[in-house]
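Q: Residue strings, one per chain:
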Amino acid sequence: MSIMTKRSTWALPYAIFLLLFVALPLIIIILYAFKDSSGGFSLGNFVKFFTDADAIGTFALSLEVAIENTIICILLGYPAAWILANKKLNRSAVTIVLFIMPMWINALMRTLATAELFHVMGVQLGKGTLIVGMVYDYLPFMIYPIYNILNKMDKSYAEAASDLGATPWQVFWKVQVPLSMPGVVSGIMMVFMPTVSTFAISEFLTNNKIKLFGTIIQENINSSMWNYGAALSLVMLIIIGITSLLQDNKKEVNGVV
Amino acid sequence: MKKFFAQCYIWFLLVLLYAPIVFIGIFSFTESKVLGNWTGFSTKLYSNLFTGNMQGTGSLMSAIENTIIIALIAASVATLLGTVAAIGIHNMRGRGKQAISFLNNIPILNPDIITGVSLFLLFVFLHVSQGYVTVVLAHITLCTPYVVLNVLPRLTQMNPNIYEAALDLGATPFTALKKVLLPMLKPGMISGFILAFTMSLDDFAITFFTRGTVGLDTLSTYIYTDARKGGLTPELRPLITLMFVGVLVLLIVINIRAMRNAKNSQR
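Heads up: the protein sequence lines correspond to chains A and B, in order. The opening residue of the first sequence carries number 74 in our numbering; numbering runs sequentially from there. The opening residue of the second sequence carries number 51 in our numbering; numbering runs sequentially from there.
Bear in mind the hints are in silico, worked out from the structure with no lab data behind them. Worth double-checking, as some hints may not be accurate.
[As the list claims (entries may be wrong)] Heads up, simulated PhoX-like pairs for lysine-lysine below, C-alpha to C-alpha not over 20 angstroms straight-line:
| no. | chain 1 | residue 1 | chain 2 | residue 2 |
| --- | --- | --- | --- | --- |
| 1 | A | K108 | A | K121 |
| 2 | A | K161 | A | K225 |
| 3 | A | K247 | A | K228 |
| 4 | B | K313 | A | K161 |
| 5 | A | K108 | A | K161 |
| 6 | A | K225 | A | K200 |
| 7 | A | K160 | B | K52 |
| 8 | B | K313 | A | K160 |
| 9 | A | K228 | B | K279 |
| 10 | A | K161 | B | K52 |
| 11 | A | K121 | A | K284 |
| 12 | A | K225 | A | K160 |
| 13 | A | K284 | B | K279 |
| 14 | A | K200 | A | K284 |
| 15 | A | K282 | A | K200 |
| 16 | A | K228 | A | K160 |
| 17 | A | K282 | B | K279 |
| 18 | B | K83 | B | K279 |
| 19 | A | K161 | B | K53 |
| 20 | B | K236 | A | K225 |
| 21 | B | K94 | B | K83 |
| 22 | B | K53 | A | K160 |
[What the hints assert, rightly or not] To give an idea of the chain A side of the interface with chain B (calculated C-beta under 10 angstroms), a few residues:
| no. | residue |
| --- | --- |
| 23 | L97 |
| 24 | P98 |
| 25 | Y105 |
| 26 | F107 |
| 27 | I315 |
[Stated by the list, open to error] One side of the interface only, derived from the structure: several residues of chain A facing chain B at Cβ under 8 angstroms:
| no. | residue |
| --- | --- |
| 28 | P86 |
| 29 | Y151 |
| 30 | T187 |
| 31 | Y209 |
| 32 | S296 |
| 33 | M298 |
| 34 | I313 |
Glycine included, every Cβ here is placed at the ideal spot set by N, Cα and C.
Sequences are here, hints too, so could you generate the full structure?
A: Structure below.
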């Protein structure tokens with residue numbers, strides 16, 4: 074056993090790598106966020122954010138768009154996942170592959186194709202196209218985890234419920250939906266987090282008319298407003314942190330392979 | 051009847067989801083510069099793409115090249131680093147193990163823009179000039195956690211006695227590693243590599259923030275700049291089409307093989 078135990082030192086290179094490229098960068102974000110441009114400690118960046126009606130408005134809009142997108146994805150995606158996982162309604166593996174495949178394709182490419190189609194159809198780019206385009210982009214990320222959990226679900230729970238006199242409707246709402254909640258939660262994570270933080274996608278889908286929070290972060294960083302950009306990133310990190318509290322710590326990340 | 055409605059719903063969603071791609075695919079077979087304007091069937095855009103003979107868009111070829119090379123380097127380094135790390139983490143106990151697993155999850159949970167901004171500020175802070183090397187380092191940061199998470203389960207499922215037996219039978223630790231441990235970890239390493247490779251291929255935000263100002267483009271940043279300029283380079287149409295068809299065929303083959311294997315093992 075001694076040799077196996079010594080193997081723990083093998084994690085050392087990666088531990089150093091993680092400290093340098095994961096922990097340190099996050100600390101630096103915090104450092105920059107609490108500094109003014111001259112380098113002294115300051116809360117000015119946060120004051121600036123919370124008193125700037127434009128920035129707050131964009132922030133609220135980003136949250137609104139992300140929440141709407143997530144809700145639409147659940148409403149459209151849950152029935153689809155349920156049908157795909159139901160052997161009586163769907164036997165074809167091809168449809169499942171078709172739903173999963175977009176996850177493997179560059180998101181910018183897919184968004185661009187969508188935006189071009191809107192453009193050719195003469196649809197005015199704006200909030201409507203933003204939401205529709207985002208649903209296009211992220212629906213597969215909602216369907217896949219829900220499908221996964223429904224597919225693995227022990228069928229005997231549903232059978233037991235109907236043997237005990239539950240109507241099919243009750244079986245669905247009282248047994249299958251609660252049991253599939255972990256899938257819904259990982260779906261929410263996979264849809265909400267990227268939508269709330271996106272920047273390029275929203276620019277494509279609205280022709281730069283609507284700015285989301287990610288775009289402001291990018292603009293500030295690119296115009297060398299590093300301290301303000303870092304403060305905005307910190308605000309987003311807090312949102313992400315709150316969202317991930319939704320999820321159990323023990324949840325394993327869904328490998329796509 | 052219920053089945054009919056279910057199938058209708060599924061195919062309705064699929065038609066909607068795939069409409070933009072089918073549209074791009076159709077218009078990849080015409081020469082017109084403006085999308086949606088059919089000027090007769092032609093495969094010129096495809097031949098342009100392969101010969102690299104494009105009007106003022108020669109950098110598309112180098113963007114494709116960069117994307118693939120960066121993904122190969124990042125995925126290979128991530129597989130090596132991640133596998134060694136997984137063996138180490140597997141043999142760790144207590145706080146250290148918790149801490150490293152926590153840090154390992156951060157790049158997965160963090161939105162790309164935060165990872166990108168944080169690495170950008172790191173390189174600014176350390177006065178590292180940004181370019182190819184920083185992009186590769188950033189991609190390794192993004193990819194390695196996925197390798198670790200794919201290799202670790204193989205280690206926990208493994209019977210440690212097999213490795214011990216090899217040592218008892220006189221294998222040096224190195225031989226035992228090469229002949230016993232690595233073959234058992236191989237499936238996890240392969241799926242980790244594939245996942246890392248696709249993560250790197252798909253990445254936009256992290257590349258965008260860490261590529262500096264040296265004019266380095268990957269496919270994603272190329273598309274981004276191109277689309278903002280207004281008017282999509284026509285050769286992107288066949289490229290998007292080919293990538294879709296390629297991935298679709300690959301996934302269908304993988305899935306059919308997986309289903310066959312499952313059937314065979316049932317017998």
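Q: When the structure is checked against the list of hints, which entries are broken? Sort them ascending.
A: Of the numbered hints given earlier, those the structure breaks are 5, 6, 9, 20, 26, 27, 29, 32 and 33, listed in rising order.
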